[in-house]
Each structure stands twice: as structure tokens, then as C-alpha cells.
Amino acid sequence: MTGGGEAIRVLVVEDDPVAADAHLMYVDRVPGFVAVGKAHTGAEARRALERTPVDLLLLDLHLPDVHGLQLARTLRAAGYHADVIAVTSARDLAVVREGVSLGVVQYVLKPFTFATLRDRLVRYAEFRQTVGEASGQAEVDRALATLRAPAPVALPKGLSGPTLERVTGALRESEEGLTAAALAEAVGISRITARRYLEHLVDTGRAGRNPQYGQVGRPELVYRWVRATNR
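Okay, so the sequence shown: first residue is 1 according to this note's numbering, each after it adds one.
Calculated directly from the structure, the hints in this document are not laboratory data. You may find that some hints are simply not true.
[To be verified] SDA-like mimics (lysine to any residue), calculated; alpha carbons at most 20 Å apart, straight line:
hint, residue 1, residue 2
1, Lys110, Val122
2, Lys157, Arg123
3, Lys157, Ser190
4, Lys157, Leu201
5, Lys157, Thr193
6, Lys110, Ser190
7, Lys157, Ala115
8, Lys110, Thr168
9, Lys157, Thr168
10, Lys157, Val226
11, Lys110, Val18
12, Lys110, Glu175
13, Lys157, Phe112
14, Lys157, Glu199
15, Lys110, Arg191
16, Lys110, Pro162
17, Lys157, Asp203
18, Lys157, Arg191
19, Lys110, Arg29
20, Lys110, Ile85
21, Lys157, Asp119
22, Lys110, Leu159
23, Lys157, His200
24, Lys110, Met25
25, Lys110, His40
26, Lys110, Gly161
27, Lys110, Arg123
28, Lys110, Val226
29, Lys110, Leu24
30, Lys157, Val18
31, Lys110, Gly177
32, Lys157, Arg195
33, Lys110, Pro17
[As the list claims (entries may be wrong)] Distance windows between CB atoms, simulated:
hint, residue 1, residue 2, range
34, Glu220, Met25, 40 to 48 Å
35, Ala43, Gln129, 30 to 38 Å
36, Leu155, Glu176, 24 to 32 Å
37, Ala115, Pro17, 22 to 30 Å
38, Thr74, Pro17, 36 to 44 Å
39, Arg191, Thr74, 46 to 54 Å
40, Glu165, Asp28, 25 to 33 Å
Bear in mind that the values here come from a model prediction, so they are computed numbers and not experimental data. From the three backbone atoms N, C-alpha and C, an ideal C-beta is built for every residue, glycine too.
Build out the structure end to end from the sequences listed, making use of the hints.
Given below as C-alpha cells:
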């Protein structure tokens, strides 16, 4: 629990069922947080908020019926004051600026690891504990730094963020899926390295794998991006 109080209640709003389940699992693994439900559309999110008190939305910005920021704006107008951690693959800084006024306290770029989300949630919990009157500008700055300052989040040893982005992009663009060998050729890395990145995406719920049987020899594993839409 945070500060000995009640757990922070999180509603996961994510249209892709596989990702939603992974995010629920991630939230429940962070001490002081509890996932109270999931919604796959903006309409489902509104109904969930009518039924269940929520402190924080883990909100995908690309929902099938409404943009996440429009949903946040509608919720604010309706009197819901839950904070928002936005989850998105978009990197448009104009969207980031717009979200600030709508209660978006953090952004998490897809694909992300459990360690990345845990870092954002822990920082958010620390920020919520800053209560009372600030003694001066320095204390205000420290409170905001707790929320905003990035902390390095390590990928598994031997993996790098830029290469993970290239691997993710290649996999998402392939409708038929890729073997480790095909990915290695597309990205310009070794087959062993490609397999490590692909297995990391499987472990974090972003990719699936199935055997592909040829005429001779052992079957090859084919990896596919698992999102419902290839955005």
C-alpha cells in the first residue's frame, strides 16, 4: 500500500484483449496498486467508472470508438477526476502537450516492459503522497521532479531500446509474421540476437509464436504481432 493507505485503483482501457490482460497483470504486480477492471472501448470505460471508484486510468489513446484524449476530456467534463497514464505508440509531442491539461500525468510508449510501467506507477504513487503546503519553490520542484524525471529502465541484459524499436517496427509491418532468420535479415542483426528480441516481445505479451512446418527438418518458429489492429 502507498503510505499505509488504500491501494491505488487502476482501470485498464485498452482495445487489444491480449495487451489488456498483460497490463492488468503488470498493475497487480506493483505493490500499492490494484487493477479494478478493464475496458476495450471508451463506452465500456465510462460504464466501468459509473460502477467502480477509480484513481488512475491506464489509457490507450487509440480506441475503436474515441481517441483517448477525447475520452479524458469527456470524463473531466462529467466530473470524473481520475488521473491518466497514457499508453500509446504515437510519438506526436503535440498530443503530449494536449494531454497535460486533461490529467495525463505520464506517457508510456509501446511496446513497454513491466519494469517501465512499474517505474511510472511508483513515481505516480510517490507524487500522490506529496500533501500539505510547500515551504517554497524548491519543494514544489521536487514534487514535480518525482513525477516527471525519467529513471533509466533497463531492458534484459544485451537488449537495447533502439534495436527493440526496429525489431518491433519490422514485426508489426509483417502481416504473415517473421522467423528469427527473416527478422535478422530485415533489421541487420544476427539470428541469435533477433530471437532474443522476439522472445522478449513474447514474454511481454506483444508477440505470439507458432511453429511453421516445412518439407524436411525441424519446424521454424514464426513470430507475429498480436495487437488487434496493426497500428
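Structure-based check of each hint:
1. Lys110 with Val122: holds, 19 Å
2. Lys157 with Arg123: violated, 24 Å
3. Lys157 with Ser190: The given pair, whose Cα atoms are some 16 Å apart, holds under the 20 Å limit.
4. Lys157 with Leu201: Holds - the C-alpha atoms of Leu201 and Lys157 are around 14 Å apart, at most 20 Å.
5. Lys157 with Thr193: Holds, because 12 Å separates the two Cα atoms, which is no more than 20 Å.
6. Lys110 with Ser190: Since the Cα atoms of Lys110 and Ser190 sit roughly 24 Å apart, the hinted pair is violated (cutoff 20 Å).
7. Lys157 with Ala115: The hint holds at about 13 Å.
8. Lys110 with Thr168: Holds - the C-alpha atoms of Thr168 and Lys110 are around 9 Å apart, at most 20 Å.
9. Lys157 with Thr168: Roughly 18 Å between the alpha carbons, so the hint for Lys157 and Thr168 holds.
10. Lys157 with Val226: violated, 24 Å
11. Lys110 with Val18: The given pair, whose Cα atoms are some 14 Å apart, holds under the 20 Å limit.
12. Lys110 with Glu175: holds, 19 Å
13. Lys157 with Phe112: Roughly 15 Å between the alpha carbons, so the hint for Lys157 and Phe112 holds.
14. Lys157 with Glu199: Distance of about 13 Å is within 20 Å: holds.
15. Lys110 with Arg191: The hint is violated at about 24 Å.
16. Lys110 with Pro162: Cα-Cα ~13 Å, so holds.
17. Lys157 with Asp203: holds, 15 Å
18. Lys157 with Arg191: holds, 17 Å
19. Lys110 with Arg29: holds, 19 Å
20. Lys110 with Ile85: holds, 13 Å
21. Lys157 with Asp119: Given that 20 Å is the threshold and the Cα spacing comes to 18 Å, the pair holds.
22. Lys110 with Leu159: Cα-Cα ~16 Å, so holds.
23. Lys157 with His200: Roughly 11 Å separates the two Cα atoms, so the pair holds.
24. Lys110 with Met25: holds, 16 Å
25. Lys110 with His40: holds, 17 Å
26. Lys110 with Gly161: Holds - the C-alpha atoms of Gly161 and Lys110 are around 11 Å apart, at most 20 Å.
27. Lys110 with Arg123: holds, 19 Å
28. Lys110 with Val226: holds, 13 Å
29. Lys110 with Leu24: holds, 15 Å
30. Lys157 with Val18: violated, 25 Å
31. Lys110 with Gly177: holds, 19 Å
32. Lys157 with Arg195: holds, 14 Å
33. Lys110 with Pro17: Distance ~15 Å between Lys110 and Pro17 Cα, so the pair holds.
34. Glu220 with Met25: 40 to 48 Å: Violated, at about 29 Å.
35. Ala43 with Gln129: 30 to 38 Å: Given range 30 to 38 Å: holds, Cβ gap about 33 Å.
36. Leu155 with Glu176: 24 to 32 Å: Given range 24 to 32 Å: holds, Cβ gap about 27 Å.
37. Ala115 with Pro17: 22 to 30 Å: Holds - the Cβ-Cβ distance for Ala115 and Pro17, about 23 Å, lies within 22 to 30 Å.
38. Thr74 with Pro17: 36 to 44 Å: Since the Cβ atoms of Thr74 and Pro17 sit about 24 Å apart, the hinted range of 36 to 44 Å is violated.
39. Arg191 with Thr74: 46 to 54 Å: holds, 48 Å
40. Glu165 with Asp28: 25 to 33 Å: holds, 27 Å
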